[in-house]
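Listed below, chain by chain, are the residues.
Protein chains: 2
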Amino acid sequence: MSLSKQLAEYVVSLKYDDIPEDVVEFTKLCILDYFSSAIAGKDMPPIQKIEEMVEVLGGNEQASLINGGKSSVANAALLNGASSHIVEQDDIHKSSIIHAATVVIPAALAVAEWKKLDGKDLITAVVAGYEVCFRIGEAVSPSHYYYWHNTATCGTFGSAAAVAKLLGLSVEQTVHALGSAGTQAAGLWEFIEDGAMSKQLHPGKAAMNGVIASMLAEKDFTGASKIMEGRRGFFEAMSDDYDAAKITEGLGHEFKIMENSFKIHASCRHTHHAMDLVSDLAKQQDLDPDAVDKVEVGTYQVAINITDDEDPQTIYQGKFSLQYCTALALVKQSGSLDTFTEENLWDGTVRELMQKVEVYVDDEVDAAYPEKWGANVKVHLTNGETVELSTEYPKGDPENNVSPDELYEKFMVLSKGIDESRAEEVAENIMTLEDISDLSMLFPHNMAVK
Amino acid sequence: MSLSKQLAEYVVSLKYDDIPEDVVEFTKLCILDYFSSAIAGKDMPPIQKIEEMVEVLGGNEQASLINGGKSSVANAALLNGASSHIVEQDDIHKSSIIHAATVVIPAALAVAEWKKLDGKDLITAVVAGYEVCFRIGEAVSPSHYYYWHNTATCGTFGSAAAVAKLLGLSVEQTVHALGSAGTQAAGLWEFIEDGAMSKQLHPGKAAMNGVIASMLAEKDFTGASKIMEGRRGFFEAMSDDYDAAKITEGLGHEFKIMENSFKIHASCRHTHHAMDLVSDLAKQQDLDPDAVDKVEVGTYQVAINITDDEDPQTIYQGKFSLQYCTALALVKQSGSLDTFTEENLWDGTVRELMQKVEVYVDDEVDAAYPEKWGANVKVHLTNGETVELSTEYPKGDPENNVSPDELYEKFMVLSKGIDESRAEEVAENIMTLEDISDLSMLFPHNMAVK
Numbered sequence: 001m002s003l004s005k006q007l008a009e010y011v012v013s014l015k016y017d018d019i020p021e022d023v024v025e026f027t028k029l030c031i032l033d034y035f036s037s038a039i040a041g042k043d044m045p046p047i048q049k050i051e052e053m054v055e056v057l058g059g060n061e062q063a064s065l066i067n068g069g070k071s072s073v074a075n076a077a078l079l080n081g082a083s084s085h086i087v088e089q090d091d092i093h094k095s096s097i098i099h100a101a102t103v104v105i106p107a108a109l110a111v112a113e114w115k116k117l118d119g120k121d122l123i124t125a126v127v128a129g130y131e132v133c134f135r136i137g138e139a140v141s142p143s144h145y146y147y148w149h150n151t152a153t154c155g156t157f158g159s160a161a162a163v164a165k166l167l168g169l170s171v172e173q174t175v176h177a178l179g180s181a182g183t184q185a186a187g188l189w190e191f192i193e194d195g196a197m198s199k200q201l202h203p204g205k206a207a208m209n210g211v212i213a214s215m216l217a218e219k220d221f222t223g224a225s226k227i228m229e230g231r232r233g234f235f236e237a238m239s240d241d242y243d244a245a246k247i248t249e250g251l252g253h254e255f256k257i258m259e260n261s262f263k264i265h266a267s268c269r270h271t272h273h274a275m276d277l278v279s280d281l282a283k284q285q286d287l288d289p290d291a292v293d294k295v296e297v298g299t300y301q302v303a304i305n306i307t308d309d310e311d312p313q314t315i316y317q318g319k320f321s322l323q324y325c326t327a328l329a330l331v332k333q334s335g336s337l338d339t340f341t342e343e344n345l346w347d348g349t350v351r352e353l354m355q356k357v358e359v360y361v362d363d364e365v366d367a368a369y370p371e372k373w374g375a376n377v378k379v380h381l382t383n384g385e386t387v388e389l390s391t392e393y394p395k396g397d398p399e400n401n402v403s404p405d406e407l408y409e410k411f412m413v414l415s416k417g418i419d420e421s422r423a424e425e426v427a428e429n430i431m432t433l434e435d436i437s438d439l440s441m442l443f444p445h446n447m448a449v450k
Numbered sequence: 001m002s003l004s005k006q007l008a009e010y011v012v013s014l015k016y017d018d019i020p021e022d023v024v025e026f027t028k029l030c031i032l033d034y035f036s037s038a039i040a041g042k043d044m045p046p047i048q049k050i051e052e053m054v055e056v057l058g059g060n061e062q063a064s065l066i067n068g069g070k071s072s073v074a075n076a077a078l079l080n081g082a083s084s085h086i087v088e089q090d091d092i093h094k095s096s097i098i099h100a101a102t103v104v105i106p107a108a109l110a111v112a113e114w115k116k117l118d119g120k121d122l123i124t125a126v127v128a129g130y131e132v133c134f135r136i137g138e139a140v141s142p143s144h145y146y147y148w149h150n151t152a153t154c155g156t157f158g159s160a161a162a163v164a165k166l167l168g169l170s171v172e173q174t175v176h177a178l179g180s181a182g183t184q185a186a187g188l189w190e191f192i193e194d195g196a197m198s199k200q201l202h203p204g205k206a207a208m209n210g211v212i213a214s215m216l217a218e219k220d221f222t223g224a225s226k227i228m229e230g231r232r233g234f235f236e237a238m239s240d241d242y243d244a245a246k247i248t249e250g251l252g253h254e255f256k257i258m259e260n261s262f263k264i265h266a267s268c269r270h271t272h273h274a275m276d277l278v279s280d281l282a283k284q285q286d287l288d289p290d291a292v293d294k295v296e297v298g299t300y301q302v303a304i305n306i307t308d309d310e311d312p313q314t315i316y317q318g319k320f321s322l323q324y325c326t327a328l329a330l331v332k333q334s335g336s337l338d339t340f341t342e343e344n345l346w347d348g349t350v351r352e353l354m355q356k357v358e359v360y361v362d363d364e365v366d367a368a369y370p371e372k373w374g375a376n377v378k379v380h381l382t383n384g385e386t387v388e389l390s391t392e393y394p395k396g397d398p399e400n401n402v403s404p405d406e407l408y409e410k411f412m413v414l415s416k417g418i419d420e421s422r423a424e425e426v427a428e429n430i431m432t433l434e435d436i437s438d439l440s441m442l443f444p445h446n447m448a449v450k
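Protein chains in written order, with UniProt numbering: chain A, 1 to 450; chain R, 1 to 450.
Be aware that a few hints might be false.
Since copy identity is lost for identical chains, a pair holds within one copy or between any two.
[Claimed, not checked] Subject to a maximum C-alpha distance of 20 Å in a straight line, what follows is the list of computed DMTMM-like cross-link-like pairs (lysine to aspartate or glutamate):
id, residue 1, residue 2
1, Lys372, Asp121
2, Lys5, Asp194
3, Lys5, Glu193
4, Lys120, Asp435
5, Lys332, Glu259
6, Lys416, Asp405
7, Lys219, Glu52
8, Lys294, Glu371
9, Lys5, Glu409
10, Lys116, Glu420
11, Lys372, Glu52
12, Lys332, Asp347
13, Lys219, Asp194
14, Lys115, Glu52
The set of hints was computed from the structure by calculation and includes no laboratory data.
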């Protein structure tokens with residue numbers, strides 16, 4: 001049986017009543033965390049540009065846009081997907097290297113709202129979408145990740161799976177949806193060299209492409225039956241070391257969404273290990289940056305590939321500079337969204353300390369990746385002392401988890417741009433999602449100001 | 001200077017008045033030939049399914065749909081792109097292995113109509129779009145083509161370039177447009193194993209994605225500046241043997257659109273060499289299929305990869321079976337659209353002869369590919385005679401070209417499904433395109449029935 005068919009059977013057979021209560025609760029936190037980032041990002045320039053384009057193109061009013069108003073489900077998936085991937089605080093699944101929320105949730109939300117489905121349907125679709133894209137990401141990582149933005153490429157399958165579930169597609173139709181998803185999968189890392197806005201285009205387009213794939217499949221529009229394992233399929237074309245067994249091991253018996261990590265710092269996840277360590281150290285010891293002679297950060301190769309940048313020129317590039325993030329976290333004792341400002345980008349103390357941060361590949365840490373996204377940090381002080389610190393799990397990983405209260409707090413910080421009473425209502429509705437029948441009530445602009 | 005910037009400078013500087021008259025005339029034939037295939041395909045199931053989805057999604061009425069009515073430029077590019085790539089008679093550029101019409105022309109048409117531009121603008125944009133995608137296809141072929149559908153992947157750049165020209169983007173904006181195009185480039189050959197409808201989704205999405213790329217670039221939405229040659233860019237990720245020099249050699253001094261080939265037979269281009277040879281032979285000698293003992297077809301490796309199929313089950317699969325196409329052309333002495341019928345798919349004589357067709361890689365022919373798409377054919381007769389035939393250029397190649405009259409005849413055959421007077425008017429308007437100011441008048445449904 002093809003891999004697509006096995007995934008399709010899983011998607012079709014998944015029922016809300018079979019999802020354990022802790023998984024339901026965790027999925028609601030994933031949706032809350034999606035909105036944290038989507039609301040924080042909605043007024044930023046790349047998102048405004050996409051919003052303007054969506055408005056020019058137009059579309060039937062099917063689904064709420066994060067910036068207000070409604071448009072087609074394709075447009076809603078595009079805009080709401082892009083919006084959640086800009087402040088660099090959206091969730092991450094380590095072993096597949098996927099930010100699933102920013103692709104799966106906007107696609108599922110748009111279609112569920114359009115079809116007047118309820119909170120339980122949305123939760124079920126999100127669980128299915130995460131499961132599918134995490135498995136595909138695990139199968140092709142890490143080699144796929146060198147060129148490809150897994151969130152976009154593998155995310156397309158997750159979007160299609162979630163939408164297939166919501167549209168009630170048959171197994172055969174779901175296979176076609178996965179085929180059409182895989183053959184649209186795109187998103188090259190090259191943009192990172194320029195800090196270009198492709199970062200937001202990728203998840204938006206992945207969400208939109210998954211919606212298109214499943215809407216077409218509903219009409220029996222056919223796709224490749226072996227889009228993953230076929231000789232000219234996704235695995236062979238886009239990965240050097242794929243492991244097809246990851247698609248099916250334990251499928252139907254586990255809930256991979258529970259492996260999802262949440263981000264507390266507002267930068268690339270590959271910088272969090274060091275930020276956790278140095279901000280904790282700085283807080284505990286009330287460390288003066290001037291007392292630091294050198295900081296050595298040893299981590300895994302992929303982190304170096306993505307975040308070795310000695311001289312970021314924009315806030316955005318700063319979030320992808322391990323040197324800058326490490327210095328910032330040590331000086332400001334925090335990595336929250338409001339520390340990544342233009343002022344702090346050019347802060348003399350941070351800039352000076354940044355020159356003293358050396359990053360390198362630590363073979364032991366690298367060998368444990370991607371199961372563990374760790375770092376060894378040595379802080380050499382001017383008094384001759386050296387403090388050694390290490391972590392295997394940045395904060396927010398399942399092994400070092402954050403509480404619902406912390407995620408609620410994060411939501412309230414990230415949704416500062418909207419009316420507070422509306423933000424509170426959004427959070428309340430999400431945390432009681434299984435009782436919500438009108439899913440437009442997850443969008444702040446659809447609520448009255450109290 | 002980056003490759004994108006060099007292409008962008010070419011696109012921005014190209015002027016209608018600098019295009020020689022023979023190139024203008026040829027470009028109009030490309031547009032006529034686009035409409036041949038688009039009209040012939042418009043009512044077929046995959047296109048109807050996309051049309052239904054486009055209608056459900058909705059969009060502002062900016063550009064004509066090939067099936068009637070208007071929708072957004074993104075939707076028009078999607079539908080009108082898909083429609084022209086189903087009867088397997090759209091144009092092909094050998095050395096880039098791209099069917100450019102089905103991607104570049106619908107995108108350019110949609111945006112030109114929307115912006116109320118004229119025929120000269122459209123011609124200029126099409127010339128630019130062909131130039132860009134042909135060069136990119138040449139740079140990555142043939143290795144890229146094993147996994148990737150060049151028409152879709154490289155075509156996305158061509159769509160973006162044509163639209164960038166029409167929107168009057170700056171050099172910098174055009175670089176961003178190419179970046180956003182390349183990072184959306186997708187389309188795996190895996191669908192061919194199932195004869196799936198992805199074949200039509202690919203060019204439609206490529207056209208649409210190029211439109212999105214340039215619309216966003218107009219708003220200064222940024223993309224990778226070195227999307228082609230960057231270390232995590234299109235070349236490195238999606239090709240084993242790219243030649244970056246192809247992008248710039250002779251750029252601005254030649255018109256690659258003149259290298260375009262037209263298809264007379266309604267099947268995959270990789271079957272045409274043998275079809276030309278055996279149909280001519282059968283006509284000349286009034287050959288009885290029963291008199292044939294064996295047919296050996298020696299051709300290039302890529303033709304074998306794509307078209308070695310001993311037992312096609314659908315008309316569509318038949319168009320991708322070298323064995324079937326060779327037998328059909330010998331028996332019916334033609335390969336036109338009306339020979340690819342369900343009746344002929346199961347025709348006893350064709351099926352019997354097909355068993356006698358042996359296909360193999362001819363090393364000499366293979367070495368000349370992709371500059372020459374040739375074949376050596378040996379027809380062994382039951383009387384012991386053997387007829388040897390060979391060609392380097394299937395009919396419709398620049399080296400073995402068809403006349404404007406033949407392309408007009410093809411257009412009239414392929415547009416049989418619409419009112420004849422409308423078809424004639426479409427053709428007349430296209431052949432006087434430099435004088436046309438209302439581009440909606442290229443669409444049959446916008447004309448009165450005479």
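Hint check:
{"no.": "1", "hint": "Lys372 to Asp121", "result": "neither (33 Å within a copy, 55 Å between copies)"}
{"no.": "2", "hint": "Lys5 to Asp194", "result": "between (39 Å within a copy, 14 Å between copies)"}
{"no.": "3", "hint": "Lys5 to Glu193", "result": "between (38 Å within a copy, 16 Å between copies)"}
{"no.": "4", "hint": "Lys120 to Asp435", "result": "within (8 Å within a copy, 59 Å between copies)"}
{"no.": "5", "hint": "Lys332 to Glu259", "result": "neither (30 Å within a copy, 61 Å between copies)"}
{"no.": "6", "hint": "Lys416 to Asp405", "result": "within (17 Å within a copy, 67 Å between copies)"}
{"no.": "7", "hint": "Lys219 to Glu52", "result": "between (30 Å within a copy, 9 Å between copies)"}
{"no.": "8", "hint": "Lys294 to Glu371", "result": "neither (29 Å within a copy, 59 Å between copies)"}
{"no.": "9", "hint": "Lys5 to Glu409", "result": "neither (41 Å within a copy, 45 Å between copies)"}
{"no.": "10", "hint": "Lys116 to Glu420", "result": "neither (27 Å within a copy, 46 Å between copies)"}
{"no.": "11", "hint": "Lys372 to Glu52", "result": "neither (40 Å within a copy, 46 Å between copies)"}
{"no.": "12", "hint": "Lys332 to Asp347", "result": "within (11 Å within a copy, 79 Å between copies)"}
{"no.": "13", "hint": "Lys219 to Asp194", "result": "between (40 Å within a copy, 17 Å between copies)"}
{"no.": "14", "hint": "Lys115 to Glu52", "result": "between (25 Å within a copy, 17 Å between copies)"}
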